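Novice: Protein sequence lines, in the order shown, are assigned to chains A and B.
In terms of our numbering, the first sequence opens at residue 301 and continues consecutively.
In terms of our numbering, the second sequence opens at residue 435 and continues consecutively.
To be clear, the hints were calculated from the coordinates, so they are not data collected in a lab.
As the structure is a prediction and not an experimental result, all values here were calculated from the model.
One should not assume that every hint holds.
Far from chain B by the CB rule (all over 12 angstroms, computed), these chain A residues [to be verified]:
hint, residue
1, G348
2, I362
3, M369
4, Q376
5, A392
6, V473
7, I511
8, Q533
One-sided excerpt, in silico: chain B residues whose CB lies under 7 angstroms from chain A [to be verified]:
hint, residue
9, L475
10, D476
11, F479
12, G532
13, H534
14, F637
15, G642
16, C643
17, G646
18, V656
19, T657
20, G658
21, K660
We treat Cβ as the ideally placed atom computed from N, Cα and C, and that holds for glycine.
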Amino acid sequence: MGEVNTKVTLCGIELDNPVIPASGTFGYGYEFAELYDINCLGTFSFKGTTKDARFGNPTPRIAECTAGMINAVGLQNPGVDKVIAEELPRLAQCFHKPVMANVSGFSVEDYAYTCARLDKEKQVGWLEVNVSCPNVHGGGMSFGTSPEAAAEVTAAVKKVTTKPVIIKLSPNVTDIVSIAKACEQAGADGISLINTMLGMRIDLRTKKPVIANTMGGFSGAAIFPVALRMVYQVAHAVKIPVVGMGGVSTAEDVIEMMLAGATAVEVGAANLVDPFASQKIVTDLPVVMEKYKINSLNEIIGGVK
Amino acid sequence: MKQSFFEIIENKPLTASVYKMVLAGDTSAITAPGQFVNIKLDGLFLRRPISVCDAEEGKLTLLYKVVGHGTEQMSQMQGGKLDILTGLGNGYDLSLAGDHPVFIGGGVGVPPMYMPVKMLRTMGKQVSVILGFNTKDEVFYEEEFRALGADVTVTTVDGSYGTKGFVTDALKDIDYTYFYTCGPEPMLKAVYRASGTSGQFSFEERMGCGFGACMGCSCKTVTGNKRICKEGPVLTKEDIIWEK
């Protein structure tokens, strides 16, 4: 062991391994840094950040499901100014790699403003632009469900930054490939998918929805096959790198995602159930690679035609 | 916070729906009374947050009410090991107790009262405890609190045991310097209104992770947004904004 190569290159930046905790499951990193050295990760995508501070949706905003969970947090974050002033300096003390900045917005101008602010931050390696959050009324959903709107956001963000722009897509659409292609044509440097799937639960005792907002984003192991299929479809339709996510819980899942066409892989809900999940996946990767006779992860990307 | 495995050494019903589970394992991450643990159960995705009733070196006591799939599954367990995250939440600050604090627990809010009362009694403080239940059949842990040397009042809403009425009816007769409370939200609101001093309230919310990562259990407070699992579950009276 030790001979296998886990390095991949995502939009021109080399990662020690393709494992990336997903936005919304890893805060701004330092909570996990108290548990383990987060520099073992490829990178991580920080909590979805917006122009202004947000509390998000009313509680309850979490529901249990079979092999998964629903969240309707609604982009709670302290706003981009506070993220730059407080969260990033705190992160710098425990993480020494480029971080992926996850950005959300409620207008094209919002996206451009937040990305322009983060563009100046040396710690930020990539901008991951969330056009898909299903939780916010009149917000994210509308951009991610139309090729034109997704392209408009992509173009506006590309104008204000020199950093690689990765557009994070929603699975709650009829044709995700057409949206991915529209983002590519508008200048996106990468595509990440999938965000959570719109879901719902009802409490039989109260006969009301568990989630205060009625619906929320379904994530966790249950969505892995759907995510894998969409990653496969998109990766074969675009030339830019794809970051795969959705229900990834093991090193085996990471390799499946890469065979389907992902250059790097995000780990989401698994971090919430087992705070050491991402670290374990990083540790397990070389072992699983040996088992399946994979010498270099780079060579298996898109291996399934 | 610490992730470790605990061995179940006792698991028995105290009432028709409340169980006592005693576990052996590493309790070193539990740094304050009023914290909680988060338990992984086979076949269930999210962990189950349960308040700590008592923690000694190597020994953890949990009292839980069967309310859903997770606690139902727990109640069936006879022995075996559980993957548990310990040391979650802020817990109660006992430095503000004064000379004669009162602890007010309602229903399944009773368990987290035990460890702080035990600690204050060990320090020789005079401590009053009010345990509120709906009816006689639901009463548990009265003797355990009495064994600590606390002045215990039990209230039942239907008057079938102890003082008839709500915990706030018993609170009127006690001269206290500070209070600590945990229970259903209507009870917490009543205590908030009826109390004549400052105090600390322990809250519940549906959680994703239980350690501050998902922001699922946030609430608004006078001093800003707080995560019930991280900056809570204990909030001071002055910090609370009642929303619902």
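Novice: Each hint needs a verdict: does it hold in this structure or not?
Specialist: Here is how each hint holds up against the structure:
G348 (chain A), annotated as away from the interface, has a beta carbon of chain B within 12 angstroms; the closest lies near 10 angstroms. For I362 (chain A), the requirement that its beta carbon stay farther than 12 angstroms from each beta carbon of chain B is not met, with the minimum near 4 angstroms. Residue-level check failed: M369 (chain A) sits 6 angstroms from the nearest beta carbon of chain B, not beyond 12 angstroms. With a least beta-carbon separation of about 5 angstroms from chain B, Q376 (chain A) fails to lie farther than 12 angstroms from that chain, contradicting its non-interface assignment.
Interface exclusion of A392 (chain A) from chain B stands, the closest Cβ pair being 19 angstroms apart, more than 12 angstroms. At roughly 25 angstroms, the least C-beta separation between V473 (chain A) and chain B is larger than 12 angstroms, which holds for a residue marked as non-interface. For I511 (chain A), the requirement that its beta carbon stay farther than 12 angstroms from each beta carbon of chain B is not met, with the minimum near 9 angstroms. Every C-beta of chain B lies more than 12 angstroms from that of Q533 (chain A), the closest at about 27 angstroms, which supports listing it as non-interface.
For L475 (chain B), the shortest C-beta to C-beta distance to chain A is roughly 11 angstroms, which exceeds 7 angstroms, and the interface hint is violated. Against a cut-off of 7 angstroms between C-beta atoms, the interface hint on D476 (chain B) is violated, since the closest Cβ of chain A lies about 12 angstroms away. Interface restraint check: F479 (chain B) against chain A, minimum CB-CB distance 6 angstroms, threshold 7 angstroms, status holds. Because the smallest distance between the Cβ of G532 (chain B) and any Cβ of chain A comes to about 33 angstroms, over 7 angstroms, the interface hint for this residue is violated.
The restraint placing H534 (chain B) at the interface with chain A is violated, with a minimum CB-CB distance near 35 angstroms, outside the 7 angstroms limit. About 10 angstroms separates the beta-carbon of F637 (chain B) from the nearest beta-carbon of chain A, more than 7 angstroms, and the hint is not met. Annotation: interface hint on G642 (chain B) holds; nearest CB of chain A at approximately 5 angstroms, less than 7 angstroms. Interface restraint check for C643 (chain B): the shortest CB-CB distance to chain A comes to about 4 angstroms, inside 7 angstroms, so the restraint holds.
Evaluation of the G646 (chain B) hint against chain A yields a held restraint, the C-beta minimum of about 5 angstroms falling below 7 angstroms. A hinted interface residue such as V656 (chain B) counts as satisfied when its beta carbon comes closer than 7 angstroms to some beta carbon of chain A; here the least separation is about 14 angstroms, so the hint is violated. Hint status for T657 (chain B) relative to chain A: violated, with the closest Cβ pair at about 14 angstroms, above 7 angstroms. Interface restraint check: G658 (chain B) against chain A, minimum CB-CB distance 9 angstroms, threshold 7 angstroms, status violated.
With its C-beta approaching chain A no nearer than about 11 angstroms, K660 (chain B) sits outside the 7 angstroms limit, and its interface hint is violated.
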